Amino acid sequence: MSRYQQRAGPTMISPWLIGLVVLTLYPFAASFYWSFCRYDLLSRPRWVGWQNYGRLARELAEGGTFARALGNTAYYAVTCVTLSVVVGIGLAVMLSWRVRGKAIYRTLCFVPAVIPTVAASVLWMWLLDPHQGLVNGALESVHAPGQGWFKSTSAAVWPASWPDDHQGRIFGSKDGLVLMSLWGIGNLLIIYLAALADIPHQLYEVARLDGAGRFRQFWHVTLPLLTPVVFFNVVMGLIHSVQAFTQIYIVSDGQGDPAEATLTLSLHLFLAAFQDLDMGYASAMAWVLLVFVLLVTVWLFRTSRHWVHGGG
Amino acid sequence: MGPSTDNICGDKTQRDTGRPVPALAHLWLVLTTAAICIPLVWMVLTSLKGPQQIAAAPYAWWPSPWRWQNYLEAIAVIPFFRYLGNSILLCLGSVLGTLASCSLVAYGFSRLRWAGRDLLFGVLIATMLLPWQVTMIPRFLVIRELGLYDSLWALILPKFFGEAFYIFLLRQFFMTIPQEMIDVARVDGCSEMGVLWRVVLPLARPALATVALLEFIATWNDYGGPLLYLNDPDRFPLAYGLEQFVSSHSSETHLLLAASVIFTVPMVLLFLLTQRLFVRGIATTGIKG
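Protein chains in written order, with the numbering used here: chain A, 1 to 312; chain B, 1 to 289.
Just to be clear, a hint being listed does not mean it is correct.
Stated by the list, open to error - Distance ranges between label pairs, derived from CB positions:
#, chain 1, residue 1, chain 2, residue 2, range
1, A, Gly310, B, Gly116, 28 to 36 angstroms
2, B, Arg198, A, Val206, 27 to 35 angstroms
3, B, Ala209, A, Arg302, 34 to 42 angstroms
Hints are computed from structural coordinates only; laboratory data are not their basis. Keep in mind the model is a prediction, meaning the values are calculated, not measured. Glycine included, each C-beta is placed from N, C-alpha and C at the ideal position.
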């Protein structure tokens with residue numbers, strides 16, 4: 001370690017270091033401080049102790065807006081991530097089959113991932129229109145009930161949210177968002193395809209000699225060897241979907257419509273800050289979000305030793 | 001992850017391990033791919049229909065007549081070229097800032113030894129996991145204090161301070177460059193900047209291209225940034241201007257979809273032309289965007 005390098009190193013990373021202090025560390029500290037303040041941007045922040053957190057706790061206990069935002073966020077993140085594992089692996093396995101024109105299928109399945117979020121949101125709002133949309137049209141043509149999608153507060157995985165006389169109309173706005181996110185799953189496909197290609201060929205030969213069919217090869221060879229990648233994707237997917245904003249803002253008219261069914265933490269926080277100018281409350285929510293993400297990540301790492309191949 | 005996936009259509013580079021699948025499975029693959037592509041086909045076809053045909057039942061797939069003038073009308077109705085100009089300025093500024101700052105920082109983190117390096121690199125990784133909501137409000141006020149609110153600089157300037165994800169990606173690549181090449185340049189009297197400029201950057205061209213591509217696409221698509229920092233419609237980029245157009249012309253589906261197609265096509269073309277770079281960026285580092 002030369003003295004020259006000791007000087008040159010910090011100099012070269014200085015742009016990032018300045019950015020770290022001004023655009024990350026200072027904001028990090030300031031938002032923590034403001035979460036204990038009342039602050040409307042117009043007057044100076046005023047210390048109010050635990051008041052903002054108290055309000056969050058109260059709303060949580062009484063099933064207020066914050067409780068709904070937390071529930072919506074959890075629903076969206078868990079559904080997205082779970083389905084992305086199933087759909088991602090399923091599609092990647094199909095795309096690794098030896099068929100003529102494999103390259104074309106791979107390219108076509110990836111294309112939705114490069115569609116700008118704004119354009120994809122606008123497109124899906126039309127596709128999922130309850131009356132004229134293509135998706136309901138397709139459902140009705142096979143005599144399935146059309147769904148409410150972005151106009152409905154129902155959530156398919158949460159029976160308590162179904163309307164009383166739903167008659168099979170159970171998919172609502174959050175499910176529409178999940179569908180949209182699954183459509184743009186291309187990045188995950190690339191990662192799963194890479195992982196599939198890295199599985200040693202010989203393992204399948206051994207399994208075949210042992211008399212394993214396609215299904216058992218998948219279950220006993222492919223799936224266990226994919227678990228480290230699945231783990232990585234679940235952690236990143238959760239962190240990512242908890243922070244999702246643009247598509248939610250657009251399909252919910254910037255308000256979490258209908259009836260706060262798509263009001264996630266990130267949207268609620270944004271509105272509290274820049275619509276209500278309630279910076280203290282918004283900052284407190286940001287810190288709850290951070291703790292929430294940390295807890296889930298730690299929990300995932302702890303459980304990983306039970307299901308991740310060679311993990312722990 | 002391995003180099004076997006440099007190409008999404010990796011038939012040439014990739015060992016073909018699977019056995020041929022039954023015809024029924026192939027059919028299933030075709031149907032799934034078709035289902036994934038139908039929304040895009042629908043978007044393009046509908047953008048070529050007239051308003052009456054869109055509202056008419058029963059639903060017809062083919063436009064009749066084909067209204068190519070939808071595209072001209074859409075461009076005329078929204079201030080298209082102004083938005084496009086803003087988008088291009090943002091993309092150029094962001095790509096330039098990102099390349100300059102991230103390559104410098106990545107070099108400092110990969111090819112120089114200094115006390116505190118690994119600790120700071122740990123901090124860099126940690127910032128990648130920090131939700132943007134935590135720093136959003138004070139960051140907004142910092143930008144405002146700098147007098148950048150409602151200026152494109154609000155979105156460009158932060159890019160000159162590096163972004164953790166790209167620094168990480170470039171560092172991974174810089175570490176694969178043989179130490180001897182760097183040593184030779186140093187013995188020849190190159191300063192560290194000289195080594196970076198003459199040895200490392202030319203060798204790292206594919207990685208730099210990946211970073212430029214990902215940053216270009218991220219900036220082109222960015223909606224949250226303009227929403228937060230821009231107020232004057234004259235400064236809106238396409239991503240934000242298009243959505244504003246949606247909210248004020250919600251009845252004119254044909255124009256809206258034509259505008260969306262114009263906005264989307266460059267990204268699809270860029271992807272088709274640069275698949276290798278694209279896939280390498282994602283496969284070597286995991287997730288982006």
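Inset, instruction - Return holds or violated for the Cβ distance of Gly310 (chain A) and Gly116 (chain B) against the range 28 to 36 angstroms. - result: holds, 33 angstroms
Legend entry - Supplied distance hint 27 to 35 angstroms, evaluated on CB atoms of Arg198 (chain B) and Val206 (chain A): violated, 50 angstroms
Inset, instruction - Starting from the range 34 to 42 angstroms, see whether the pair Ala209 (chain B) and Arg302 (chain A) falls in it by beta-carbon distance. - result: holds, 40 angstroms
Going down the numbered hints, you'll see the structure goes against just number 2.
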